[in-house]
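2 protein chains.
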Amino acid sequence: MAVYTDITELELGALLKEYDVGDLLSYKGIAEGSENSNYMLHTSKAAFILTLYERRVERSDLPFFLGLMEHLAQNGVNCPLPVHRRDGVVVSEIAERPAALITFLEGMWLRKPAPRHCREVGKAMAGMHLAGQGFELTRPNALTVGDWRPLWEKAKPRADEVEPGLMSEVEADLAALTEGWPQDLPTGIIHADLFPDNVFFLGDEVSGIIDFYFACNDLLAYDIATCLNAWCFEADGSYNLTKGTALLEGYQSVRPLEQAEIAALPLLARGSALRFMLTRLYDWLTIPDGALVNKRDPMEYVRRLRFHRQISSPSEYGIGIK
Amino acid sequence: MAVYTDITELELGALLKEYDVGDLLSYKGIAEGSENSNYMLHTSKAAFILTLYERRVERSDLPFFLGLMEHLAQNGVNCPLPVHRRDGVVVSEIAERPAALITFLEGMWLRKPAPRHCREVGKAMAGMHLAGQGFELTRPNALTVGDWRPLWEKAKPRADEVEPGLMSEVEADLAALTEGWPQDLPTGIIHADLFPDNVFFLGDEVSGIIDFYFACNDLLAYDIATCLNAWCFEADGSYNLTKGTALLEGYQSVRPLEQAEIAALPLLARGSALRFMLTRLYDWLTIPDGALVNKRDPMEYVRRLRFHRQISSPSEYGIGIK
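Quick mapping for you: the protein sequence lines, in order, are chains A and B. For the first sequence, the numbering used here gives the first residue as 5, with consecutive numbering after it. For the second sequence, the numbering used here gives the first residue as 5, with consecutive numbering after it.
Everything labelled a hint here was simulated from the structure, so no lab data went into it. Mixed in with the good hints, there may be bad ones.
Here are the simulated EDC-like cross-link-like pairs (lysine to aspartate or glutamate), alpha carbons at most 16 angstroms apart as the crow flies [stated by the list, open to error]: (1) K116(A) to E13(B); (2) K116(B) to E110(A); (3) K116(B) to E320(A); (4) K116(B) to E15(A); (5) K116(A) to E238(B); (6) K49(B) to E110(A).
Some residues of chain B that are not near chain A, with every Cβ distance over 10 angstroms (derived) [to be verified]: (7) D91; (8) G92; (9) L134; (10) D164; (11) M171; (12) G184; (13) Q256; (14) P260.
Don't be surprised by glycine CBs; every beta carbon is placed ideally from N, CA and C.
Take the sequences, apply the hints, and build the full model.
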């Protein structure tokens with residue numbers, strides 16, 4: 005749930021004069037995105053989303069994020085298209101925050117994705133990876149293996165409050181991942197947060213990918229590892245092999261994986277689980293109860309971590325290695 | 005801010021099969037209404053609002069509220085029209101809550117209404133009062149003079165926490181209002197919560213009135229008194245006579261007031277200020293800090309109360325008495 009910043013119809017009307025989008029008919033704060041304030045707009049021409057970037061997004065990253073969306077949309081990916089103002093600019097300002105107007109995508113995110121949806125998200129992700137080639141800007145991943153240690157140091161002293169023994173358990177993971185993290189896999193633009201709420205479906209087809217505010221240059225297979233965590237586990241913490249197989253087959257039908265990528269999947273999946281566990285843990289320990297932010301249980305990702313730790317072969321995810 | 009109850013695309017898809025509204029394209033939880041969960045829907049035919057009624061709305065009141073919206077819409081009031089299901093019913097159920105699908109109204113509520121908007125809301129309110137005649141169902145006002153005492157008794161012991169002396173101050177108001185409350189004024193259907201966030205404008209015209217979930221049968225002039233409180237005070241607590249005059253002139257251009265109604269305005273405005281002060285005070289004292297509900301400052305309405313208490317003539321609101 006979001007919408008942190010209210011805007012007046014006068015501010016918004018003045019802002020929209022900078023764009024060729026018709027007359028404002030309505031705007032509603034929507035409960036989507038956990039980092040920014042989002043408004044759904046109807047104008048006399050179409051529907052749009054206005055995003056106000058709150059403190060967690062660096063203003064200097066906006067040209068990358070918005071440029072990427074434009075690049076991907078022009079290369080066949082269904083994602084929101086940033087609208088250029090009459091003066092060509094895409095980053096505006098409203099209520100003392102940077103803001104962007106983007107096209108509205110129809111579609112619903114799936115609260116309970118089925119294997120056939122995992123196949124489609126695999127395909128869409130691979131398509132996005134291919135379309136990302138040729139995008140001229142770059143952005144390092146701010147939450148990859150080297151960044152976990154500083155985050156962990158902030159949460160570590162209180163980790164055992166969440167579960168006794170968690171501190172030493174995570175220390176061991178961090179050591180193993182830092183030691184073994186793969187270096188020579190194919191890289192490119194990854195979404196880095198491709199959870200179900202960031203993928204819209206119409207029927208059984210992917211109608212759009214949204215929320216590129218963690219996108220960066222990193223190992224392509226790391227995006228797959230994140231999707232295995234986000235799409236292929238059940239509510240009880242069990243791994244659904246049918247979903248994993250479908251997601252990986254879907255991906256490979258568009259971009260076949262190299263053997264080294266397949267071999268690295270257990271470590272990448274473990275690393276991705278650690279990354280999301282760490283940010284959840286940090287939020288869990290630092291955000292006051294009752295704040296207008298969803299605090300997600302870090303233990304969900306501790307259980308993912310434990311699962312990946314005992315994987316002996318990528319075939320357990322549903323993909324063969326030669 | 006609202007959206008308390010999440011719904012899945014499967015639940016929603018199943019629900020919409022009961023209606024002739026086309027195929028679901030998207031749905032977003034919106035940050036509107038403080039009592040219910042609201043979703044904005046796009047279907048292949050149009051835009052709609054789906055409201056899930058949370059605990060503060062009595063299920064047995066829904067036929068009144070929804071029937072009233074239909075009656076008003078059929079009699080020329082711009083308000084949402086409840087959509088009938090194929091079986092004729094308007095109250096559905098989703099996520100274990102009663103729910104209704106209503107048409108979407110374009111328009112924006114005004115964060116800073118000007119006098120010309122006050123005039124328009126006066127006209128629209130009078131039009132609604134006239135259109136409400138002939139509606140066959142009735143609902144007593146659950147928050148009128150006789151209901152204030154029990155509400156006050158719950159808040160009274162801690163009232164001085166909000167401001168020292170508030171307890172005896174409000175006791176005196178309650179006694180005076182109970183004693184002098186008018187009995188013989190014209191009655192009819194009133195909105196009873198016609199605050200700026202419940203009135204949409206397109207340009208300078210009222211495009212819609214929403215949120216009829218406090219509507220009831222009561223003194224028509226009491227609705228005007230509530231609007232004086234809600235529309236005609238500035239952020240610093242001062243009464244804007246220009247706005248009040250405009251609102252009252254707008255109203256009278258559609259439905260001229262009787263002399264007795266004009267004479268009663270100071271008492272009605274004081275009563276309405278007490279009513280909103282009491283519910284705010286109760287929420288202020290009972291809702292935990294940080295809950296996903298806007299807690300409004302009761303002192304804003306204590307200041308209104310003090311203003312109305314010292315009024316000696318309705319002309320101070322901007323309306324002459326003969």
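For each hint, the structure was consulted:
no.	hint	in the structure
1	K116(A) to E13(B)	holds, 9 angstroms
2	K116(B) to E110(A)	violated, 32 angstroms
3	K116(B) to E320(A)	violated, 60 angstroms
4	K116(B) to E15(A)	holds, 11 angstroms
5	K116(A) to E238(B)	violated, 48 angstroms
6	K49(B) to E110(A)	holds, 13 angstroms
7	D91	holds, 25 angstroms
8	G92	holds, 28 angstroms
9	L134	holds, 27 angstroms
10	D164	holds, 26 angstroms
11	M171	holds, 28 angstroms
12	G184	holds, 39 angstroms
13	Q256	holds, 27 angstroms
14	P260	holds, 32 angstroms
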